[in-house]
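Undergrad: Residue numbers (the numbering used here), protein chains in the order written: chain A, 288 to 407; chain B, 288 to 407.
Be aware that one or more of the hints could be misleading.
Note that identical chains are pooled: a pair holds if it fits in a single copy or bridges any two copies.
[What the hints assert, rightly or not] Taking lysine-lysine pairs in the DSS-like style, the calculated list, with each CA pair at most 30 Å apart, reads: (1) K291 <-> K351; (2) K324 <-> K291; (3) K351 <-> K378; (4) K378 <-> K324; (5) K291 <-> K378; (6) K373 <-> K324; (7) K324 <-> K351; (8) K351 <-> K373.
No lab work stands behind these hints, which were simulated from the structure alone.
Protein chains: 2
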Amino acid sequence: MIEKVCIRDRMHNISEYWQPEIAGELNGQYVKLVKLKGEFVMHHHEQEDEMFMVITGCLDIEFKDQPTVTLTDGEFLVIPRGVAHKPIAVKEVQVMLFEPAGTINTGNVDNKLVHQPKND
Amino acid sequence: MIEKVCIRDRMHNISEYWQPEIAGELNGQYVKLVKLKGEFVMHHHEQEDEMFMVITGCLDIEFKDQPTVTLTDGEFLVIPRGVAHKPIAVKEVQVMLFEPAGTINTGNVDNKLVHQPKND
């Protein structure tokens with residue numbers, strides 16, 4: 288049975304920040320949902336492009352080599368592999384991520400925020 | 288320069304139904320935006336899983352072997368490869384698609400709705 292995912296309902300059940308949950312999988316890619324609040328570490332992914340899409344809230348993405356991009360509801364950004372970036376959420380923001388299965392959230396950086404995503 | 292995509296703005300510029308536009312690319316996958324209205328053909332994709340996410344509106348997905356799934360704003364469905372499906376939009380619906388680069392929208396069916404997506 289193929290079942291739909293309601294992003295709002297799934298977000299409602301997420302209580303911890305920076306802990307992406309896998310909401311879908313296709314073609315070796317994961318769709319993840321996550322709540323962010325605070326600053327992440329500047330990092331990059333060697334092999335994976337990463338997509339941030341804001342569902343609700345406001346997310347700043349800082350870069351080393353270009354001005355900060357601010358995403359709000361219904362906006363997304365694809366960050367190519369190798370590009371260092373630092374997500375910052377002044378207030379809680381709900382985000383959908385799209386990235387290959389196996390991507391580690393802190394990329395090249397060994398940090399306490401590293402985790403394995405929880406599946407359904 | 289890495290630039291964000293505002294889905295609402297991009298949708299505003301789409302005038303034709305069933306003509307997905309590529310809004311992003313990552314890891315060999317396309318993010319496409321499309322407006323749908325009317326009935327598509329029942330079809331399947333041999334090699335690709337496909338994701339439908341409704342931005343605004345209401346989309347029915349009919350199947351051969353299970354009840355129809357109705358998606359509304361902020362809901363998505365992953366359709367595994369090989370599963371026949373038929374999208375139906377009674378009124379205009381705005382949809383985001385995730386699928387591998389190279390996917391043909393009508394899958395196994397030779398139909399007048401086949402097209403090559405327009406890039407930026």
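Undergrad: Now, for every hint given, state plainly whether the structure supports it.
TA: Evaluated hints:
no.	hint	in the structure
1	K291 <-> K351	between (38 Å within a copy, 17 Å between copies)
2	K324 <-> K291	both (27 Å within a copy, 20 Å between copies)
3	K351 <-> K378	within (23 Å within a copy, 45 Å between copies)
4	K378 <-> K324	within (6 Å within a copy, 37 Å between copies)
5	K291 <-> K378	both (29 Å within a copy, 20 Å between copies)
6	K373 <-> K324	within (12 Å within a copy, 39 Å between copies)
7	K324 <-> K351	within (21 Å within a copy, 43 Å between copies)
8	K351 <-> K373	within (9 Å within a copy, 45 Å between copies)
Of the numbered hints given earlier, the model fails none.
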